[in-house]
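For reference, each letter of the sequence shown is one residue, going 564 to 1611 in the working numbering.
Calculated directly from the structure, the hints in this document are not laboratory data. Here the structure is a predicted model, which is why all the values come from computation and not from measurement. There's no promise every hint is true.
[Said to hold, decoys possible] Here are the computed lysine to any residue pairs in the SDA-like style, where the Cα-Cα straight-line distance is at most 20 Å: (1) LYS1343 <-> LYS1394; (2) LYS1140 <-> VAL1280; (3) LYS1394 <-> THR1364; (4) LYS1211 <-> VAL1153; (5) LYS1211 <-> GLY1201; (6) LYS757 <-> SER814.
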Amino acid sequence: MMRKIAQFAINRPATIIILIAAIVIIGLMNLSKLPTDLMPEMDLPYAAIITSYAGAGPEEIEDQVTKPIENVVGTVANIDQIISTSAANSSMVLIAFNFGTNMDAAMANIRDKVSMAEAALPDGAEKPQIMKMDLNSMPVISLSINGKDLSLAQLQTIAEDKIEPRLSRISGVASVTITGGREREVKVVVDPVKAENYGLTLSQVTSFLSAENYNMSTGSITYGERKYYARSLQEFESLDDIGNVALTTASGNKVPLKDVAEISEDYKDLDQITRTNGSPAVGIHAQKETDANTVEACTAVKEEMEKIRTELGGKVDVKIVMDQSDFINKSINSTAKTLVEGSILAVLIILLFLRNIRSTIIIGIAIPLSIVATFILMYYTGSTLNTFTLGGLALGVGRMVDDSIVVFENIYRHRRLGLSAKEAALKGAGEVGGAVLAGTLTLVAVFLPIGLAEGISGVLFKPLAFTICVAIVCSLLVAVTIVPFMSSRLLTDAAMQRKTSDKTAVGQLINRMGYWLDNLGERYKVVVEWVLGHRRTVILGVTGLMIASLCLVPLIGAEFMPASDSGSISVSLEADKGSVIEDVAEITQVVEERLMQNPSVNVIFTSVGSSGQISMEVAGTNKATISVKLIPKSERKGVDQVAEEIRKSLYDIPGVKKTVTVSSDSGMSSGKALSVAVKGDDLNTLREISREVENIMKKVPGTREVTASMADGNPEVQIRINRQRAMDYGLSPVQISREIKNAIDGTVATKYRVQGDEIDVRVTSKDKQNSDMDMLKGLKILTAQGSSVSLSELASFDLATGPVQISRDDQARQATVSCDLLNRDLQSVTKDVQAQVGKIQLPVGYTIDYGGQNKEMMDSFASLFLALLLAILLVYVVMVIQYESFFDPFIIMFSIPTAIIGVILGLLVTGRSFSVTAFIGIIMLAGIVVSNAIVYIDYLKKLRDSGMERNAAIIEAGRVRLRPILMTALATMLAMMPMATGLGEGGETSAPLATVVIGGLIASTFVTLLLLPVVYSIFDDWGQKLRHRFSPTKKSEDMEYVEIEVEN
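All chains, please: the whole structure from these sequences, using the hints.
What follows is the structure, encoded as structure tokens:
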């Protein structure tokens, strides 16, 4: 079949030229249309159920809200894990499904189940909000605005009126969130003494305000000859309107609101402070639509913000706090640079072997044509141009020329033997067509199981596997069409004469190396003759090398995924529970000053208090987060080193806990490196055990930012209402609790329109200004009889400490202790932690589990190990089908285990840990290393079939096939060398993969050249013995001998 394809290409030059032109034009057009992103499109199998229940503590939330929801959703199919957090006023239940689950159907099932549980929820609980967790819910770009002559209120107005509407209209932007600033509100501060005198409560004042503020259609009337619609306009138009609202007293009389309350326009109580580089600012965060292009959306936002800044006359200073498109562009450009550099190195090694420009062009054309053709298929399959798809091309660039090298080398050999250009092209391509087809199919076969791998590794690397497979298949088509076509036209008699007249030092060096490579085949003949005479020595030597390399495995660390330097660091601060926001802001200013002294820091964005973002963390006025954006990577140290510098510089700041973590611009994170979960029923026992684990973890070398989920509880006043006494006054506990909440926090009664804006009208008590225990005890509660009673007569008061939150995993309470790592790998740290934690004497009913990235790593390794076994099996099956033999493929498979020598040494020499990406490299090796063995064994079979004696065929096959084997191996290795350096943004992720392939290919190539002849000869000897023992002729001779013996 390959011969016919080559013959078609040789005989139809015009068709081939048109085909090449079409591929190039369509491919480049599609490249310009390919959307660019950092990560492949992922349908994350996570759903969240968020339920608010105002006034309830964590334990009440757990018992009355979280547990009922967990019970019903636990029956949904394909659930992997249910994690919940019960905090004051809210419950969050996070459901993790198995990867591959149909999330549309799963979400529908969850909604049905939750609707069944709603009846069991307490009356005060709001309707549960069900949402699918999506990376697009996180901002793709965050900016801040500030100005010297502008207040936070003015900045807030600019953000809400000018910026948010315009950014929201941008194509690809889903929503815009504003953080910080000051929001206006109308405060109605009720005098409790006057309210008591009139027999009024805060709840009643709130109801009167809400009822009086409305616009209403009242029908239509006919006036003259026209019909008019009548509307009653009762919305408040001024503060005087609010003050003149008539309140009905206990005696039935009317009194204006202004007689019992002070009314003023003010700002809401401060619950968040944001700053940029230490200056007050307002944050603007844009989320993109699910199908939108991140780079285009971010670019459009920045362009629109520049227009707005210009329109405002430069009064507003805009700073980019976080920009995913920046890291995406740098990562894509870095990967593209790696692709180009690898291509150049691959072509140079071909030039070194051939020392002929025309020959090099014939082979090198496979790279751009294969890549451009891949872009066509990527476009029509809906793929994106991301670091994984482009990384797949960079990984496969060396392999793209392998088939062309094998085909051309054979064509070139026949041309030198005297055949014409056309005859050599046809015969050369036909002879090795089966070998290159088998090599390509084996490589495609090893990537099929990657697409079937479970978990996040399968999701991430499926696009990489698809891209490599497409590129390799395209390179095969180039090898059997374009290469024969070009060879038949370009390998003229003149072109076959190598030019050796270059007298320069470089030219002489290249010529000398070329001549040495030309004669390498003859030298290899001597080596093969020796190994065939010392088969046992070779077998023992290779076995010894493999055993020795396996002994080095404990020296290699293991991690989930190599960390990527995105240039972003997050500093989390936590003051004592109950700290007011102003005090935390002061401490944060000291931290900001220390950060700005670090030369690697570019921009810092601070948020004190509620973040306003979706998060599993419980926000509070005692917490702050500082996002640190560093200067370009080329101008600073690594992000881990900078993070360690920041830790040391903040160490001595008192009054606050500090956590410094390296963050990701991708919005994707696997959480802490190691997490230890203690499970049991009693919260105090969980707290004690988790503290013991925390102390152990802090002492293990390499751990950083050790944190425990069960922190000290919040100080709280526990109010216990006497139900009998409340009933005597005609009151219910719910009524009393509502009055307490109104007195402390106030209540938004209605909205007030002013200058086109809607602002809250909040009713609160004057005593809130002196909100202490005495005020709380003296709070007057209006009874059903119209009299008032102090709260102290209805309830008791205790000062206590309540839990901040209660975490549950698969419906069991848990406390987690987690940490990040520095200068140590995950596997070794996990072993040390497990060894020490295992010594803890646990009470009955309590267990300890290990999670975090460690769990992800172990699950991914298990899944990829099965993928590796399946890949090896598929490689063998493909070769059996190709050669219609079980014997020859089995010999070829011996080239796979020898690669482990180079894999281990490669990781050890470079100091890299074994990771998911390294595992992908091993799977890839299973397809690459057999290609060289196939080229050797395929030609050896042809020589044996032609009647050549076995050892002579082994030696001759080695001599002839040494050049293409070395060319393909070196081209692949050098093409991956730029990627193996790990330089450039995002290069750290793929560096272990390239390191593993290069190391494994080096070992496999050289060991295989020695081992394969020996293994072939040994198996051939065994085969001859078996054939001799079970041959029909031998059986008939044995039967005849037995008959003679019987007769005698």
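The hints, checked one at a time:
Only pairs whose Cα atoms come within 20 Å are accepted, and LYS1343 paired with LYS1394 is rejected, the gap being roughly 61 Å. For the given pair, LYS1140 sits about 13 Å from VAL1280 by alpha-carbon distance, which is consistent with the 20 Å threshold. Annotation: proposed proximity of LYS1394 to THR1364 is violated, straight-line Cα distance about 36 Å (limit 20 Å). In summary, the hint linking LYS1211 to VAL1153 is supported, as the alpha carbons are separated by about 14 Å, within the 20 Å threshold.
Distance restraint check for LYS1211 and GLY1201: the Cα-Cα separation of roughly 16 Å lies within the 20 Å cut-off, and the hinted pair is therefore satisfied. The straight-line distance between the Cα atoms of LYS757 and SER814 is roughly 14 Å, inside the 20 Å bound, and the hint therefore holds.
Checked against the numbered hints given earlier, the structure breaks hints 1 and 3 and satisfies all the rest.
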